[in-house]
Amino acid sequence: MERENAKGLLTQFERALAPDRVLTHPHELRTYESDGLVGYRAMPAIVLLPDTAEEVRNAVRICHEAGVPWVARGSGTGLSGGAVPVEEGVLIVLTRMRRILEVDLANQRVVVEPGVTNLQVSAAVSPTHFFPPDPSSQIVCSIGGNVAENSGGAHCFKYGFTTNYVVGLEVVLPDGEVVNLGGKEMDHPGYDLMGAFVGSEGTMGIATKIVLRVIPVPERFRTLVAFFETMEQAGHAVSDIVAAGIVPGAIEMMDRLAIQATEEATGAGYRLDVGAALIVELDGSEAECELAFGEVVGICERSGSVEIRIAQDEAERQLIWKARKAAFASMGRLSPNYYVQDGVIPRTKLPEVLSAIDELALRFNVSVANVFHAGDGNLHPLVLYDQSVPGEAERAEEVAGLIVQACVDAGGSLTGEHGIGIEKKRYMTKMFSDADLDAFQRLRCAFDPEQLANPGKVMPTPRLCGEVPGPYRRHPLEQAGIAERL
Amino acid sequence: MQVETLSEYAEVAEALRGTVGEGGTVRVCGGGTKLCWGRPALSGAVSLPTLGLDSIVEHNAGDLTAVVQAGVRLADAQAAFAEAGQMLAVDPPLGAGEGATVGGVVATADSGPLRHRYGGVRDQVIGIRAVLADGSVIRSGGKVIKNVAGYDLGKLFTGSFGTLGVIVEVSLRLHPLPGPVLTALGKTDDPQVLHKGAISLSASPLTAVSLDFRWERGEGWLLARFGGGAGRSQAQRAEQMMEAAGFQTSVEEDDEALWADQRAAQRAPDGVVLKVSALPTDLAGVVRAAESVEAAAVGRAGLGLAWLSIEQPAPADVASRVEDLRARLAPRPVVVLDAPAEVRKEIDIWGSQPEPLLALMRRVKDRFDPTGVCNRGIFVGEI
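For the record, the sequence lines run as chains R and Z.
For what it's worth, our numbering labels the leading residue of the first sequence as 650, then goes sequentially.
For what it's worth, our numbering labels the leading residue of the second sequence as 5, then goes sequentially.
Calculated directly from the structure, the hints in this document are not laboratory data.
Fair warning: there could be bad hints in the mix.
[Said to hold, decoys possible] Cβ-Cβ distance ranges computed for the label pairs, FRET-style:
(1) Glu102/Z / Gly953/R: 44 to 50 Å
(2) Leu768/R / Val255/Z: 35 to 41 Å
(3) Glu663/R / Gly25/Z: 54 to 60 Å
(4) Glu950/R / Gly233/Z: 17 to 23 Å
[Unchecked claim] Here are the computed lysine-lysine pairs in the DSSO-like style, where the Cα-Cα straight-line distance is at most 30 Å:
(5) Lys833/R / Lys858/R
(6) Lys974/R / Lys1074/R
(7) Lys279/Z / Lys807/R
(8) Lys807/R / Lys833/R
(9) Lys200/Z / Lys833/R
(10) Lys833/R / Lys191/Z
(11) Lys279/Z / Lys858/R
(12) Lys200/Z / Lys279/Z
(13) Lys349/Z / Lys279/Z
(14) Lys656/R / Lys1074/R
(15) Lys1079/R / Lys807/R
(16) Lys858/R / Lys656/R
(17) Lys279/Z / Lys191/Z
(18) Lys858/R / Lys1079/R
(19) Lys807/R / Lys858/R
(20) Lys807/R / Lys974/R
(21) Lys1074/R / Lys349/Z
(22) Lys349/Z / Lys807/R
[Unchecked claim] If the Cβ cut is set under 8 Å, some of the chain Z residues that face chain R in the computed set are:
(23) Tyr13
(24) Asn64
(25) Gly146
(26) Lys147
(27) Ile149
(28) Ser237
(29) Leu283
Ideal placement from N, C-alpha and C gives every residue a C-beta, glycine not left out.
Turn these sequences into a full structure, and let the hints guide you.
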């Protein structure tokens, strides 16, 4: 297949969508050249703003027929560069598709278009129900993006991730065909392609309709923040809480630097003379919540907490959370730039990984602030640097890479919720063998043999699909010297 | 506990490569308790037993995770986890001699009453290792609960009926055992009351471990199980809600047998069992459909999943009863699980699927198992 220039498709796109929803002016395109990870940029040739699934299908089909690569994008809040356009390719932006199609509370389902924001889903089913995954960008991030990234948030340890709440998807495949994966009902016969699609980072198609499961709002919340002299003590408290069979709705940790930054930014009243703050929130039925809360307070005391503050009302609860939620945004108080990692470790390895991070910070003479989803071992070390100082950005990136290595060495993962995208694909070989990557590629090729959907993401090196079954043929990218067969 | 497992996985790889070389097919077999599920396997398929893969490779109690080989019996794994006060939150019927293995349960995505609170098998699998037809040993996911690195092949293989490759090892998330349990029980002969009770309980803030229904010969029960220190007060509240909905109610302290019966009713060694993927609001309709074909029903009242069983049916009318049910419940998927061998060939086991979706599933199969070695023909669309 000859690869055409995306610009040559302009009139086709303008026929398929309204002309005012086909953007080509450089000023308009610039808005879309990066996502939440601003270090990576690329200019698409054309940005499309479809209104309907039919328009998405037509746009994808035009790209497929011409062999032009495309990238789907929601609100662009992703932190791994997953929505960075292909240079001179097509960008399909789903933010206009924001209809809530059905709210069915009796069956605990809501059906939405991909551009609906995460918070709008919960709003649509409130006050009785909610949608548990709550990434910190939830005010703006889109459900389509959550599906692509399998987004998490602060409540994963108890409630799970996006993948646990998606029950059905209408998907436009990269050849323009439309399939329904799952449905309103659970357990549709056949392969769980929905499970494979969620978290595939836009490399298997575009979800144009999403059926989500929502759950009843807990009748009681109890929230506390406990301060400790050391991170080890706080980590100990976390282990004891979990060992007691208690499953908090959220359990979050911040270290001294993170507390300092967030306190300056929010004035939430956190103590500055401590080494760690541990936020624990229990939720559930009233009886269950009260019983476990007493135990949590006892465990924090026995682990050496110097002060425990218990939220007495909703305002105090929000104040406790305000600091945690501002963690990334407030890093500007400490340093002009930061590099955030998203590694995951088995929770019991927390002390050794923390000291490894400390050693790295010392060795490279950089500051690292630590914010964790402590229940599930998801670390967000923020490596601080100043871009204007030559060499600092590179040093920060090197430290970040070594932190990821430490997480993998401890039996963990490269990423808990941000995704691989562009940013972490070079680390994939730290975690997966060639055979594993080949298995990923088999799945990708079943969905997108021409690899037009979000190429250059997730996999560490370009791989070709080849024909199945049949004799070996050189792929056009291979002929052009762009990719090599491995 | 660490064990050397590579040689055993290499043996699986060797067996698969050998079969590919000879142009044959394999039938993967764990405890052999669900071999009758799916379409009949090709005659001449070589049985590939996984029972030798019998190690619990890791149980990381502090992290609530485990790595288990496919041939470990689920009952044995649960006994080991229970020593640390933990469980794998998957409780399907274990079949003859409690023989169901972890690999078989993952391959069939079978589930039981715990699904209400903890989700299905797909929600517990955090990593998977499989041997593909070409002998490559592949892995996806890992050993941590939160992980979005790479594609989620764990979900792809869960419920794939062994058609993509041989699952040899799975990483699982575990949960704390719920502590002392008890059950609020409501009885009614009115499908509408059953339905109303189920909806009001699943919309309530009560955190049941399980919420099941049962319908048999004109009588129905709603069962809500609670655990832990707050179990009693929750069960009492559930009982009040059932009473208000019109049930005759009680709270059962000694409830083990009740739940064993729920699980057992998902199988019928000599009969027919159909799995219905409905919605919670379909409950009354599902019950009436079951009655129309003289079937008993159990299921997850808050999830819409139901298992309909017909004891000792006349072989001649199984096919028509299945099709009657499908027509009545359409478009809800209805899959045949147990059915006597002589009638299996006559009936549509999986129900029909739209062609574009089937085509995509075939492409997935072709990529993972291009020569069709693994469990060929037993799955949806004759995959």
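Comparing the hints with the structure gives:
Between Glu102/Z and Gly953/R the beta carbons are some 46 Å apart, a value that agrees with the proposed interval 44 to 50 Å. In this structure, Leu768/R and Val255/Z meet the distance hint of 35 to 41 Å, their C-beta atoms being roughly 40 Å apart. Against the hinted window of 54 to 60 Å, the Cβ-Cβ separation of Glu663/R and Gly25/Z comes to about 55 Å, which satisfies the hint. Checked against the hint of 17 to 23 Å, the pair Glu950/R and Gly233/Z passes, with Cβ atoms roughly 19 Å apart.
Taking the CA atoms of Lys833/R and Lys858/R, the gap is near 11 Å; set against the 30 Å cutoff, the hint holds. With a C-alpha separation of about 27 Å, the suggested pair Lys974/R and Lys1074/R falls inside the 30 Å cut-off, and the hint holds. A distance of roughly 29 Å separates the Cα atoms of Lys279/Z and Lys807/R; the hinted pair therefore holds under the 30 Å criterion. For the proposed pair Lys807/R and Lys833/R, the alpha carbon gap of about 23 Å is at most 30 Å, so the pair holds.
With a C-alpha separation of about 20 Å, the suggested pairing of Lys200/Z with Lys833/R holds against the 30 Å cut-off. Taking the CA atoms of Lys833/R and Lys191/Z, the gap is near 29 Å; set against the 30 Å cutoff, the hint holds. Taken as a hint, the Lys279/Z and Lys858/R pair is honoured in the structure, with Cα atoms around 26 Å apart against an allowance of 30 Å. The suggested pairing of Lys200/Z with Lys279/Z holds, with an alpha-carbon distance near 22 Å, which does not exceed 30 Å.
Proposed proximity of Lys349/Z and Lys279/Z is supported: the alpha carbons are some 18 Å apart, at most 30 Å. In summary, the hint linking Lys656/R to Lys1074/R is supported, as the alpha carbons are separated by about 29 Å, within the 30 Å threshold. Taking the CA atoms of Lys1079/R and Lys807/R, the gap is about 29 Å. The hint holds against a cut of 30 Å. A C-alpha spacing of about 28 Å is found between Lys858/R and Lys656/R, which places the hinted pair at or below 30 Å, so the restraint holds.
The straight-line distance between the Cα atoms of Lys279/Z and Lys191/Z is roughly 23 Å, inside the 30 Å bound, and the hint therefore holds. The suggested pairing of Lys858/R with Lys1079/R is violated, with an alpha-carbon distance near 35 Å, which exceeds 30 Å. Taking the CA atoms of Lys807/R and Lys858/R, the gap is about 27 Å. The hint holds against a cut of 30 Å. A threshold of 30 Å between alpha carbons decides the hint, and for Lys807/R with Lys974/R the separation of about 18 Å falls inside it, so the pair holds.
Distance restraint check for Lys1074/R and Lys349/Z: the Cα-Cα separation of roughly 48 Å exceeds the 30 Å cut-off, and the hinted pair is therefore not satisfied. Taking the CA atoms of Lys349/Z and Lys807/R, the gap is about 44 Å. The hint is violated against a cut of 30 Å. Checking Tyr13/Z against chain R by beta carbon gives a least distance of about 12 Å; that is not within 8 Å, so the hint is violated. Here the hint on Asn64/Z is kept, as its CB sits about 6 Å from the closest CB of chain R, short of 8 Å.
For Gly146/Z, the suggested interface contact is upheld, since its CB lies about 5 Å from the closest CB of chain R, less than 8 Å. Interface hint at Lys147/Z: satisfied, since its Cβ lies 5 Å from the closest Cβ of chain R, which is below the 8 Å cut-off. Interface hint at Ile149/Z: satisfied, since its Cβ lies 5 Å from the closest Cβ of chain R, which is below the 8 Å cut-off. Proximity of Ser237/Z to chain R holds as hinted, the smallest CB-CB distance being about 4 Å (cut-off 8 Å).
Proximity of Leu283/Z to chain R holds as hinted, the smallest CB-CB distance being about 5 Å (cut-off 8 Å).
Of the numbered hints given earlier, the model fails hints 18, 21, 22, 23; all others are met.
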